[in-house]
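Undergrad: Residue strings, one per chain:
There are 2 protein chains.
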Amino acid sequence: MTSETTPVALAPGHDEHLTAAIESAGGVLVSLADAQVLVWAGGVDDFPTDLPDAVEWVALKLAGIEEFMAAGLIDDRRTWTNASGFYAENVAEHALALLLAGPRQIPAAVTSRWDKQVIDTTIRSLHGSTVAIIGAGGIARSLIPRLVACGAEVIAVNRSGRRVDGARETLPADRVAEVWPRCDHVVLAAPSTAETRHLIDASVLAALPDHAWIVNVARGTLIDQAALLRAVRAGEIAGAALDVTDPEPPGPDDPLFDEPRIIVTPHVANPASGLTRTLAPWVAENLRRFRAGEELLSTVSPDSTY
Amino acid sequence: MTSETTPVALAPGHDEHLTAAIESAGGVLVSLADAQVLVWAGGVDDFPTDLPDAVEWVALKLAGIEEFMAAGLIDDRRTWTNASGFYAENVAEHALALLLAGPRQIPAAVTSRWDKQVIDTTIRSLHGSTVAIIGAGGIARSLIPRLVACGAEVIAVNRSGRRVDGARETLPADRVAEVWPRCDHVVLAAPSTAETRHLIDASVLAALPDHAWIVNVARGTLIDQAALLRAVRAGEIAGAALDVTDPEPPGPDDPLFDEPRIIVTPHVANPASGLTRTLAPWVAENLRRFRAGEELLSTVSPDSTY
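Chains A and B, in that order, are what the protein sequence lines are.
Take 1 as the starting number for the first sequence in our numbering and just add one per residue.
Take 1001 as the starting number for the second sequence in our numbering and just add one per residue.
In case anyone wonders, no lab produced these hints; they're calculated from the structure.
Idealized CB from N, CA, C, for every residue including glycine.
Check before you lean on any hint, since a few could be wrong.
Residues of chain A placed beyond 10 Å of chain B at every Cβ, according to the derived structure [unchecked claim]:
1) Ala-11
2) Asp-53
3) Glu-89
4) Ala-101
5) Arg-291
No farther apart than 20 Å at their CA atoms in a straight line, the calculated lysine to aspartate or glutamate pairs in the EDC-like style are these [said to hold, decoys possible]:
6) Lys-116(A) to Asp-1254(B)
7) Lys-116(A) to Glu-1248(B)
8) Lys-116(A) to Asp-1258(B)
9) Lys-1116(B) to Asp-254(A)
10) Lys-1116(B) to Glu-248(A)
11) Lys-116(A) to Asp-1253(B)
To be clear about the criterion: a stretch of chain B counts as covered by chain A if any three or more of its residues have a C-beta under 8 Å from a C-beta of chain A, and this derived list gives those stretches [as the list claims (entries may be wrong)]:
12) 1095-1103
13) 1142-1151
14) 1247-1253
With the sequences and hints as input, model every part of the structure.
TA: Written out as structure tokens, the structure is:
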């Protein structure tokens, strides 16, 4: 093939941001049958079952690709990229927003219509606190400088325990139990795996200080939600701010919605409506790398520990 | 006097944090009649009218001292300190909490019980935005590094226009009108003066972009509240997050409480319940300076432009 452009299929549907990014980086839009690259802007359900062998790289729009893994779609016959790192700034910002809204009682203040007595005595500052971040990937790397600028210290927990920049200390996942009594708040930013399922259970909730807030911007399954509701109602922790739930979405009568010390946002840390605009420059950069024969950003493989 | 301790009156009432601070820095608690220093932990109403001449320094607990100024209490016969700089970290944190809670739709998300469609399409990221801070004192100095860590840029406005560290640019107050169309959001951190009264009026609200949020952690009088309500209802701006109101407190039926895009917290940016704990190390430091003959922190004078 002597063409100077790279044939890229963009599916499903059209998207102005991704189209512009692909064309700006030397790609030309073609049908899947003629493609060397597939930029897949959809989910797992309508992913093409007959992916041509000529497709050398599949760029997924998703950050969490458990379903692609579970369906066995991620193969080793081509390169796969996901987008987890590309959305990290936005997710980190939402985590910070929740970690401030909870201890600083923002929703409670709005609901209580100037109940100064109650809000004034329950508000807590993030400044001077210790925040545990469970799962120290891209979200943590974006979140840590924000927390440090707010005067908080961070204990990072990752698989290896390898030092995370900006954290006061880093612990390996098998020592996570040491973290609970030593932190003021917890941010969950770990992938959903068999090991992280119900990471936050009754015993963890009992070990946390009673002023602790738990922020979840990862996956709902990381928390035993029934145990969480019991612990919040019993005052074992101060509250929880959840951008993800289990099940998701919650039913309209889910008791989460009726507990004033649980803040629920509808999985918008990385808003779907702005997704392709955020993703576009990264797709362009990876396409540039692909054409230059360089290593791609955010690759995943069948062995990835998601 | 040969005593090695400095006689300090602490009034009104007792306070464990301030007592410990005073004693740790070489002070000894005495009655006002015997005091060289008065640490005044109250407001203006019960301030002693017969302040002995022997009192060389009055340390006020308050950040905003308009009422002391108006009452003519701040004289030039002794040194006066207020506490505005000492609470700046806490107030800056609250400003950031409000600036995230608004654009990221936290209270709206809680109220709407997982209305993903609406929240997802109205949420905005602070990352990449430009925030105007009006009044570039201690609160701004604490807020700017937080905003920069969040990927926002700052236009600072102060009286002189003298460059504020960390701000992309600084404008003098007489050029503030240039800021409105060029910023995404506004944080009010200016003192309450005749010039700042109704700084935010109908014309400013019309000049701001329609996605703008206004955060007020200063004084309610800086905003023409009737104009604000009209502008928010008309969609001229996205919303307002107010820790201070005019009048304050608002009446129980104040329309502020019924406008979903106005967030009201009950003047808790610097919670009264934690005040003396926050203040104590600063009182200790100033007492150390006083005893050493050094310049005190956070002095105010009858000429201060508060």
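Undergrad: Decide, hint by hint, whether the structure agrees.
TA: Hints versus structure:
no.	hint	result
1	Ala-11	22 Å, holds
2	Asp-53	37 Å, holds
3	Glu-89	5 Å, violated
4	Ala-101	5 Å, violated
5	Arg-291	28 Å, holds
6	Lys-116(A) to Asp-1254(B)	15 Å, holds
7	Lys-116(A) to Glu-1248(B)	11 Å, holds
8	Lys-116(A) to Asp-1258(B)	18 Å, holds
9	Lys-1116(B) to Asp-254(A)	15 Å, holds
10	Lys-1116(B) to Glu-248(A)	11 Å, holds
11	Lys-116(A) to Asp-1253(B)	16 Å, holds
12	1095-1103	holds (count 5)
13	1142-1151	holds (count 6)
14	1247-1253	holds (count 3)
In terms of the numbered hints stated before, the structure departs from hints 3, 4, listed from lowest to highest.
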